[in-house]
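Novice: Residue numbers for the sequence shown follow this note's numbering, so the first one is 1 and each next one is one higher.
Be a bit skeptical, because a hint or two may be false.
[Stated by the list, open to error] In silico PhoX-like links for lysine-lysine, alpha-carbon gap of 25 Å or less:
1. Lys129 <-> Lys76
2. Lys30 <-> Lys52
3. Lys109 <-> Lys52
4. Lys52 <-> Lys64
5. Lys109 <-> Lys64
6. Lys64 <-> Lys21
7. Lys76 <-> Lys52
8. Lys52 <-> Lys129
9. Lys52 <-> Lys21
10. Lys21 <-> Lys76
11. Lys30 <-> Lys109
12. Lys30 <-> Lys64
13. Lys30 <-> Lys129
14. Lys76 <-> Lys64
15. Lys109 <-> Lys76
16. Lys129 <-> Lys21
Hints are computed from structural coordinates only; laboratory data are not their basis.
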Amino acid sequence: MPSHHSPSLPEAGSTYNIVHKDTGRIVTVKSGRVFLAVPDTMYGGVQWGCDKSETGWFGFCDVKSGNFLGYGEDYKLVAEAENMGRRESFVLRPRRSGGFTLCVLENQKMGAIRVKGQDDVVAGWEFYKVLG
1 MPSHHSPSLP EAGSTYNIVH KDTGRIVTVK SGRVFLAVPD TMYGGVQWGC
51 DKSETGWFGF CDVKSGNFLG YGEDYKLVAE AENMGRRESF VLRPRRSGGF
101 TLCVLENQKM GAIRVKGQDD VVAGWEFYKV LG
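Could you put the whole structure together from the sequences, leaning on the hints where they help?
Specialist: Here it is as structure tokens:
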């Protein structure tokens, strides 16, 4: 990520690059499919507008497609919804090692977003505000 700014807690109305803390890859979407891209080889949507509901849930909308980041089976990320609904609403929990865990409510339980191929480890995320 650019060295001229540090990760921060997202604020509604601002735009961010969302970075997987362990790999440095950026959350990217193309045709509703979310994946982690190496910063120098990015294509698709990489900028996410931050929204916050009246009840305090965070939402992230892909600036390019207008679809909200959400989750599907096994808490894997998708970007298919045009509105911020239950599956597109997140709580951000700070991590001791820095960054945040993206948490969601499913079946009356809080679950954490995971990354495929990471031995089902709860993922840490950093939010870099897009300047300008």
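Novice: Evaluate each hint against the coordinates.
Specialist: Each hint, compared with the structure:
1. Lys129 <-> Lys76: Answer holds: lysine 129 to lysine 76 is near 23 Å, not above 25 Å.
2. Lys30 <-> Lys52: Status holds; Cα separation ~24 Å.
3. Lys109 <-> Lys52: 21 Å, holds
4. Lys52 <-> Lys64: 19 Å, holds
5. Lys109 <-> Lys64: The given pair, whose Cα atoms are some 32 Å apart, is violated under the 25 Å limit.
6. Lys64 <-> Lys21: 23 Å, holds
7. Lys76 <-> Lys52: Judged against 25 Å, a Cα distance of about 21 Å means the pair holds.
8. Lys52 <-> Lys129: Holds: lysine 52 and lysine 129 sit about 16 Å apart, inside 25 Å.
9. Lys52 <-> Lys21: Holds, at roughly 22 Å.
10. Lys21 <-> Lys76: 16 Å, holds
11. Lys30 <-> Lys109: 30 Å, violated
12. Lys30 <-> Lys64: Measuring from Cα to Cα gives roughly 9 Å; hence the hint holds.
13. Lys30 <-> Lys129: 21 Å, holds
14. Lys76 <-> Lys64: Answer holds: lysine 76 to lysine 64 is near 21 Å, not above 25 Å.
15. Lys109 <-> Lys76: 16 Å, holds
16. Lys129 <-> Lys21: 15 Å, holds
When the structure is compared with the earlier hints, violations turn up for hints 5, 11 and for no others.
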